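J.: Sequence:
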Amino acid sequence: MAFTDASLIALRVFREVAERGTLTAAAAALGYTQSAVSRQIAALERAAGAVLLERRHDGVRLTAAGRLVLRRAAIVVDQVDLGARELAGLPEEDESTLRLGWFATAGAWLVPHALASLGRTHPSITVVTREGSTPALVRALRAARWTSH
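Numbering (our numbering), first residue to last: 1 to 149.
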């Protein structure tokens, strides 16, 4: 198993253990058994190929590998949570419009791929695009002068 196979649940559990300092406290906070938390940590350590926690009589302490994984786990979990909040805020109407501003280099590869992905997952959303500099795009959006070019 490679670290890229680490589950989101294991990353959430690991972050909770690191923040609370004990497997027991993390289990209680997550509504899991201590055994379930221990299994998630063991799976994450297998995926990382390294010991992430030093288990001590008074709790746990992060190893160097554990500190690195915690930094990355926090970013991943926060980004997934942000995406979930953003998705929850998307209108469910059939005629939603999204205004997308982009700069020239993004338009070469990133914008077409993002639009294709959005079209597959949310086909009812209409996307109006505009290329420009950030200040110009912000002014157009604020002035409600956003039309497709």
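Don't take each hint at face value.
[As the list claims (entries may be wrong)] Label pairs and their in silico Cβ distance ranges: (1) ARG61 <-> ALA114: 40 to 48 Å; (2) ALA108 <-> ARG72: 37 to 45 Å; (3) GLN34 <-> LEU118: 22 to 30 Å; (4) SER133 <-> ALA50: 39 to 47 Å; (5) ARG56 <-> SER7: 22 to 30 Å; (6) SER96 <-> GLY59: 43 to 51 Å; (7) ALA104 <-> ALA29: 28 to 36 Å.
FYI, nobody ran anything at the bench for these hints, they're computed from the structure. Quantities reported herein were computed from a predicted structural model and do not represent experimental measurements. Note that the Cβ used here is the ideal one computed from N, Cα and C, for glycine as well.
J.: Of the numbered hints stated previously, which ones are contradicted by the structure, given in increasing order?
T.: 2, 3, 7
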